[in-house]
Structures are given as structure tokens and as C-alpha cells.
Amino acid sequence: MVHERNIYKPIKSKLIEVIDESPLIKTFVLIPEEEFSFRTGQFIELSVDGIGEAPFTPSSSPQVKDKLEVTVMRTGYVTEYMHNLKPGAYMGIRGPYGRGYPVESFFGKEVLILGGGCGLAPIRSLLYALEHVKDKLEKVILCYGSKTPSDCIYKPLFNRLNSIEKFEAYRTVDKADEEWNESVGVATKLLDKIKIDIKNSVAVVCGPPIMMKFGTIRILEMGYKDEQIYLSMEKNMSCGLGKCGHCMMGEFFVCKDGPVFTYNELKNTPDIWK
Amino acid sequence: MNYLIIDKEEWDRFLGNLILSHNVFASVTDEFGQDYELIRPENIPDICYNKPKPATPLKSFFLPVKENVTSGKHSDKPRVILGVPNCDIEALKILDEFYLDKEFTDIFYKNRRESTLLISSDCFGIQEHCHCLSYNIKPYSTDTADLAIAYLNGKIALRVISGKGEDFARSITASRPAGDNTIASAIEKEHNATEALLAAANKGLPDSKKTGKLVMDAGEDVWKKHSARCVSCGACTTICPTCTCFLLIDKPGFEKVKQLDACQYPGFERTAGGEDGLFELSVRFRNRYMCKYAWKSAKFRSTACTGCGRCIEACIGKINKNEIFMELAKS
Chain A
1 MVHERNIYKP IKSKLIEVID ESPLIKTFVL IPEEEFSFRT GQFIELSVDG
51 IGEAPFTPSS SPQVKDKLEV TVMRTGYVTE YMHNLKPGAY MGIRGPYGRG
101 YPVESFFGKE VLILGGGCGL APIRSLLYAL EHVKDKLEKV ILCYGSKTPS
151 DCIYKPLFNR LNSIEKFEAY RTVDKADEEW NESVGVATKL LDKIKIDIKN
201 SVAVVCGPPI MMKFGTIRIL EMGYKDEQIY LSMEKNMSCG LGKCGHCMMG
251 EFFVCKDGPV FTYNELKNTP DIWK
Chain B
275 MNYLIIDKEE WDRFLGNLIL SHNVFASVTD EFGQDYELIR PENIPDICYN
325 KPKPATPLKS FFLPVKENVT SGKHSDKPRV ILGVPNCDIE ALKILDEFYL
375 DKEFTDIFYK NRRESTLLIS SDCFGIQEHC HCLSYNIKPY STDTADLAIA
425 YLNGKIALRV ISGKGEDFAR SITASRPAGD NTIASAIEKE HNATEALLAA
475 ANKGLPDSKK TGKLVMDAGE DVWKKHSARC VSCGACTTIC PTCTCFLLID
525 KPGFEKVKQL DACQYPGFER TAGGEDGLFE LSVRFRNRYM CKYAWKSAKF
575 RSTACTGCGR CIEACIGKIN KNEIFMELAK S
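Line by line, the protein sequences give chains A and B.
Numbering-wise, the first sequence is residues 1 to 274 according to our numbering.
Numbering-wise, the second sequence is residues 275 to 605 according to our numbering.
What the hints contain is simulated information worked out from the structure, not anything from laboratory work.
Where is the CB? At the ideal position from N, CA and C, for every residue including glycine.
Certain hints may be false.
Claimed, not checked - Covered stretches of chain B (chain A as the covering partner; in silico rule of three or more C-beta atoms under 8 Å from a C-beta of chain A): (1) 368–375; (2) 421–435; (3) 461–475; (4) 528–534; (5) 540–550.
Can you build the whole structure from these sequences, using the hints too?
Here it is as C-alpha cells:
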């Protein structure tokens, strides 16, 4: 009995590098002490020993098996502690949990990705996964918005994406500085300038709740059908196992039935943007 | 139905021996009311039979309020729980769906389930808020428990339900099969009488086919009105035999402590970013009804309300969910 897998027990993971992405956002590079792999869009519970844990979607490529990158915005009690950790420390991971992006169902299609703020973390993992299968895709367009140029994370990513065949990446900021020479305005504004075959396309939205809401509304206005839109939902997920009840959204457990849902699955659920 | 018969004195003697090898808990009546107690030689005579529910829901035996789920130990001593009403036995079905699901099995729950023998007690009579029958649940067990017990005319009658129950019954050497239908007929008469009491006490109460739609259709005004007396104490969820929400708390050494939680507590859904879908009292109050009668019934095979009535008894704001359903059915 005691030899059965304990679903609550974390895997100890060594922190080997901390990358500053923006004043509020850091990426933690971890080496798990046990074999660990995930599908893009799945999430993990990341813990600081004795302090607490919180759910994050890895931002690294699912093809990379020996290490894991998790991008964390300093927002509350646990993330404050995470931001103070130095390489050499140990963190705990549980997972991977939930349903990620159905990458195979994107084959033969154009993929539109709308992201905001720290929502680019799961998207970066998705972009790596899509790059891995780019021969099977028609096109990938990323539209990303952040508050200011200094809040824009993964700065080298955009040039790299624009150098990959079939990939296009656009950025915007709510408030520009003198050096900013790209778009200014909310992320949905970027959707006005892209060319995409909506009928043969899927849209992925990931970002803060307000952006998710208005991004989805705009994408529906563009002509996307409910089942063509994939939303990465964010809730207070304590267990990740579909048991603790904290992430219930209508009849769904976001941790187990999601975190990736089609808009079609959620559209009749009340208060999904709260 | 087939019954095994044991004289009451023999049964008490059997229990006296059973407690040497098992932790036996039974429903006992004393000056504080009716609740489970660990059975010792001196309280065997206080065990009550065929009375409706004890104060504590059965879930407390399988889901402690607080436990270490990383280094916690499993108990080696097998356990017998005697006198479980069928509303609590039915409640175990949804807990099994949660905790024994194949993908993420909770080994602590599984161990407790496997090392526990459940002897259900047929209810002969009802308490003020009992309404199991309205949700299609009988006041006696026919599955999920291992055995069912009835005490009539100085005799203990055992109805075998599971294979585990059969093995247990076989170990009672003083038992004998009921020779004729006398005891079965007498018990059936009690079952029918209890069902008649339940039906009379809950006349007009919407059944489980209607409750989901009623809560989904209820407007904001309904929830605002009824939640006005709610103080978010969480008594209704704590005492509910199916409510199972919990929080994982971190302890040094990457240990996790699992603690019972409740959607009725402020901040239950709050994220670090500040979003809180259940911030408003009326929304939080409505959440419990939606969860029990609409969402869980869409997702699980088992019911999330077994009509035990404990939430009505426990509410310090005197909120009676049956009165709310009666009101919803009328409007």
C-alpha cells in the first residue's frame, strides 16, 4: 500500500538558473530529481519549501526533457519567496496536470495566438512545440501586448520567431517610451493588421482575465467560431488533481478538465472572466 | 432478502471480542445526543440501533479535518463502523468517485476504505430534517455498505451486502440463517413505515429531478435574500457528508498537509492577482447550491446531496435549504 504513488508528494528540483525577464517577472530553470515530462499547455504546482505552492504552466519546450523552465510574476506571498531564491536552491514540483493544447488538431491550419503580460509564458512553450511541427502547419501568428516596453518578456524571442519560416510575431505596449518603435495600444489592436484565413484557423488566447475577455470578444467578431478558440484559464488551483474544489468553474475543474478549453466548452458557464 | 440472526447477548459478546482485533466505532446515544464512539467493553450496551443519523457525517472517518499527506502513516488495525445510516453510505459514493479515481488515487483514502468494514443501520423512524427519499435514497442500504443491521424483538438481524460483509458474517459463529420470512417481513414493515414518515414529512419538496433546474433558474434576488442570514461560517459544508473541498498547506521538507476547506469561506477562490469569483456573499452562497444540485450532478454519477438534513440543523442563521426549494418550486 505505502509503495503506491502518492499524488500529493512533490518532486524535488534543483534551481540552476534565474533569468530576469522584467522588473516583476523571472524565469526559473529547474532540474527535477526524477524523470519529468509534460505536454505543452499542461501546468505544474511549483513550491517553495515550507512556504507554499502555486500553479504555473512551464514556459520551456516540451521536447526538452532534462530541465524545465517556469516563468513567474511576483504577485503574492509565494511568488515573493520564489523571486528571492538563488541558484542552488531546491523547489518542489507536482504534475504535470490537466489538458494542454491539442497541437495535433492544429495540423494543416493557421494558428493565431493572442497573448498578454505573463500569459506569454505558456505561449512560449506552445511556440516551441509548434516550431517542432512547423512542416505540418500553414502559419503561426503571435500578437502580444504588455503594459510598457520594460514589462515585455522574452525580448530575444520576437526576432527569432520572425526569422522562422511560417512564423510572424507582433508586439504592442499600452504605454511606449522613447525607444519603442513598434505598435502602441492594447493587444487586440494588433489583430487589425494581420492576414489570416479564418476558416482554416484556430485562435489561442492567454493572458490576464481582462485581456482574455476582450480578446475573445474581438476574435469572435473577426469571424472565428466558438470551437476554433482555445482559452488557457487561470484559477486558484490548490491540488491540481480535480479534488480540492478551488478551481471549479461551473461543472469544470479547471485543473483537470482544463486549463485549456475551447470557448465552445465554456461559453454557457457563468462568470468565466472573473 | 436473506438475513442472519444472532441473539442480542451473543452479538454483544461478539463485539466484545471484535474490539480486541479491530477499532470498532458505533453510533451511541448518551446525554449529549447520538454520535459515533470508539467501542469499549463498557459502552457496548449504549450502542443504538436503527436510529437515524449520528451527528458526525461518515466522511470524517475517511477524510480527517487535517492530515499530513506526504509522510502520514497508514493505520495497521482494521476498522469496523457500525450504525451508518444509508444517507451517509450513499454519500460515500461521490467521495469514492473523487478519491479513488484511477488517474489520481488518494492512497490515504483508499487505505482507509479498504481497511474499514461498514455496517449500515436501517432507519426505523426519522429525525426532523431527514429527507433522503425526496432524493431517491432509501432509509436502508442495499449496496456500497458491507452489511446492514436491524435490531428487532431481542434479535440482531444482519443483511449481507458485499463479499467482505459475507466473510465477516461467516466469522460470527453464533449466527444462524433466518429460517423463515418472519424477520424479513417485520423489517420490511419497518422500512415501509419509515418511508411513509419521510413522504409525509416532505410533502411537496422538489425531488432530485427538479432541484438542478430550480437552482439554475433562480434569480439573483433569491440568493441575495437567503444569503442575508449567512455568516460564512462553513458549518453547512463541514457537516455535509459529501462536501470534500480542501486546501494543501506546505510544511518544511516539502511536506503537504491537507486541510478541510469550504467554498463558503471568504477568499476560497481568491488568486494572488486579486481575482475572486466568489467575493460576494450571495454568489458564494449560490455556489454551494449550484455545486450540489447542478454542477456535480452533471459531472458525477453519484448524488452530492443525500437528504440527511445536517446542513439545516447546523446553520446558525437558521437557513433551511428545504424551505428555499419549496419557495423556488412555488415561484
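Cross-check of the supplied hints:
1. 368–375: As far as the region 368–375 of chain B goes, the hint holds, because 3 residues have Cβ atoms under 8 Å from chain A.
2. 421–435: violated (count 0)
3. 461–475: With 0 residues in contact (Cβ-Cβ under 8 Å with chain A), the coverage given for the region 461–475 of chain B is violated.
4. 528–534: With 3 residues in contact (Cβ-Cβ under 8 Å with chain A), the coverage given for the region 528–534 of chain B holds.
5. 540–550: n = 8 at 8 Å, threshold three: holds.
The structure is inconsistent with the numbered hints 2, 3, although it conforms to all the rest.
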